[in-house]
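Chemist: What follows is each chain in one-letter form.
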Amino acid sequence: MRLASGLRWIGCGDPSGSDPRPHLTFRVLVGIHAALAKGYGLRIVIIDDSGARATVLGEGLREAGYDDIHVVPPRGAFVARLERMAPDVVLMDLGNPSRDTLEEMLAVSRALAKPIAMFVDQSDDSMIAAAIDAGISAYVVDGLRKERVKPILALAIRRFNAFARMQADLEEARTQLADRKTIDRAKAILMAQRGLSEPDAYALLRTSAMNQGKKMVDVAAALITASDLLGGTP
Amino acid sequence: MTPIRIAFLGLTDAAVLVAAREKGFARAEGLTLDLVKDTSWATLRDRLVYGQVQAAHMLAPLAVAVTLGLSQQPCALSAPYKLNVNGNLLVMAPTFAAALEPDVVARLCDPLATAHDFANAIGLHHRKPVIGVVHRFSSHALILRYFLAEAGIDPDRDVVLRILPPSLMVEAMRAGEIDGFTAGEPWGSAAIEAGLAEAVAVGERLWQRGVEKVLGLRTDWMEANPETVDALLRALTKAAIWCDDPANRAELARLLAHPAYVDQPAALIERALTGRIVARQGEVPVDLPDFLLFAREATPFPWQSQALWIYSQLVRWRMIEAGDDARARAAAVFRPDVYRRALAGSDAPMPGASMKVEGALASPLAIGAPRGAIILGPDRFFDGRAFDPDRIEDYLAGFAVP
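In order, the protein sequences belong to chains X and G.
FYI, in my numbering the residues of the first sequence are 190 to 423.
FYI, in my numbering the residues of the second sequence are 1418 to 1819.
Derived by calculation from the structure, the hints in this document are not laboratory data.
It cannot be assumed that every hint is accurate.
Beyond 12 Å from chain G on every Cβ pair, some chain X residues (computed) [unchecked claim]:
{"#": "1", "residue": "Glu252"}
{"#": "2", "residue": "Ile258"}
{"#": "3", "residue": "His259"}
{"#": "4", "residue": "Lys335"}
{"#": "5", "residue": "Ala351"}
{"#": "6", "residue": "Gln356"}
{"#": "7", "residue": "Arg363"}
{"#": "8", "residue": "Ile378"}
{"#": "9", "residue": "Pro388"}
{"#": "10", "residue": "Leu394"}
{"#": "11", "residue": "Val406"}
{"#": "12", "residue": "Gly420"}
According to the in silico footprint, chain X covers these stretches of chain G (three or more CB under 8 Å from chain X) [to be verified]:
{"#": "13", "stretch": "1459 to 1469"}
{"#": "14", "stretch": "1550 to 1559"}
{"#": "15", "stretch": "1580 to 1589"}
We put the CB at the ideal spot given by N, CA and C, even for glycine.
Please model the entire structure based on the sequences and the hints provided.
Modeler: Pasting the structure below:
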């Protein structure tokens, strides 16, 4: 049934108050509170054990006006905790091995009377493709209007992609730093052994790399290895 | 070269896919295989259903369940090729197994007696045992339920079945979250090697030729790309023969051990490949030559009677209501017609029939085939029942309702 605020009763008991499970009543009260406060009334649970990604996603959702957001790490009896929370939307990393455990809970849960279906709208293939590419799986209480869920998924896709880019940039920066250190060491060896100036040592490394069709860092690493083997300066 | 992306889980029975790629069988057929490793069946299923991959290393019951709309987005899937037969272990913590037959050879070779011992062990255990199972729609789950129910154990009441992906089982044992589990190799052996568990039952002794992983394809993609499908099946057939050859087992174990595939020690992986299973840490291996089959006895042939056996179990455990439509759709997931078309020009064994009575053979039998004869191995169920695909209702009526 639907309450006046547009909230659905989540649970299989009688909403008039005879339900013996207090968490359901609690859920409705919290839901009404959220609906009054922000007009959304959607409880979103992010299942994630990477603190950073969950933070990035949670912040994005809060900025967009959703304020009933919880992060649950997928460990131990996390499904029991999730079941008690009775979420409307569950977001989870596609690569998380606990997805099968979550889906089993969704299949057998007695607290969640309505089946939860993955994704927003099965006819919207481009959004589903974007979600899979971004590495997101989303579970939504069945019957939730798609226009209410789409913005959440769109935001999650953007945030997941941004997070992945951030990680990639960080990785690239790390690699660049390591490469530069290797090249600097090779330059130092050339300067010491061949009496070259720094620009000449650099130019020699670059020319050798071009002639051999290799990356400069690889030539530099080979030079360092050779120098070490020959007992050169460290 | 035609690229094909195939999703798989890090299990020993992904061997045929790995060999097809690493030993050049795919390339020889003009295919480039891109193997995508996943850690959950849900993600593997989504990649296949939403078209991120063209094929998947799939639990046979999951392919049936997705087609019948029982596992998230309904999608017509087809299995024209079985990637293996058998290969699973049920392992339990030593404290629980202490109440079972102590001689592990006797324990493994007489599963009916072990099932009854298991029922007693539940009574002696300090609480309901929690058993890790890889997926509700897995052959592991269906066979475990069958095994328990035979001794009067209600799998939904007397034990807790906890769904966990295979790669998390050993850690869950270590953390005491589960008392045992059933999974594909090498995960049972990994738990035994760590001293966390001992073998209680082997799949091969519960159903001697048990359906396990299939090559899952989306039916629409399969029908739109017949030449690619045929080339893939030819490549897999050659890879399966290579995998079954005892001379190649050590190399196969090394290939699978790579971090991109199973990411476990080769010595552990080799146990399932050779059928020399260490049932308890530090003990002499038990010889189980039919532990895991890839090619012999026409293993890859998708008998529709096996899809129907899966359907019968879904009905038995009330995961679906019996119905002519569901039964027909379940049977149609297995596609012997595609297998025959793809391998028509090869010397692959080709049964003439598409169905057989499952569990009727106590000893090897030669059957007639368009090209020569095929030897079918013994395929009995541990309780001696046979499954006649034409008499599913009678078969189901023979089981006591738990």
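Chemist: Each hint needs a verdict: does it hold in this structure or not?
Modeler: Hints, one by one, checked against the model:
The Cβ of Glu252/X lies farther than 12 Å from every Cβ of chain G, with a closest approach of about 28 Å, so its non-interface assignment holds. The beta carbon of Ile258/X is kept farther than 12 Å from every beta carbon of chain G, the shortest such distance being approximately 23 Å. Remark: the non-interface label on His259/X is consistent with the geometry, its nearest Cβ contact in chain G lying 21 Å away (cut-off 12 Å). With a minimum CB-CB distance of about 15 Å to chain G, Lys335/X clears the 12 Å threshold, and the non-interface call stands.
At roughly 21 Å from the closest C-beta of chain G, the C-beta of Ala351/X stays outside 12 Å, upholding its exclusion from the interface. With a least beta-carbon separation of about 18 Å from chain G, Gln356/X lies farther than 12 Å from that chain, consistent with its non-interface assignment. In this structure Arg363/X is separated from chain G by more than 12 Å, as the shortest Cβ-Cβ distance comes to about 21 Å. Annotated as non-interface, Ile378/X keeps its C-beta farther than 12 Å from every C-beta of chain G; the closest such distance is 34 Å.
For Pro388/X, the condition that its CB be more than 12 Å from all CB atoms of chain G holds, with the nearest at approximately 42 Å. Against the 12 Å criterion, Leu394/X stays outside the reach of chain G, whose nearest CB is about 33 Å from its own CB. With a minimum CB-CB distance of about 24 Å to chain G, Val406/X clears the 12 Å threshold, and the non-interface call stands. Distance check for Gly420/X against chain G: the nearest CB is about 35 Å away, which clears 12 Å, and the non-interface claim stands.
Counting residues of the stretch 1459 to 1469 of chain G whose C-beta lies closer than 8 Å to any C-beta of chain X gives 7; at least three are required, and the coverage claim holds. Closer than 8 Å: that is the beta-carbon criterion, and the stretch 1550 to 1559 of chain G has 3 residues meeting it against chain X, so the requirement of 3 holds. Remark: the stretch 1580 to 1589 of chain G is confirmed as covered by chain X, as 5 of its residues place a Cβ nearer than 8 Å to a Cβ of that chain, reaching the required three.
The structure is consistent with each of the numbered hints, conforming to all of them.
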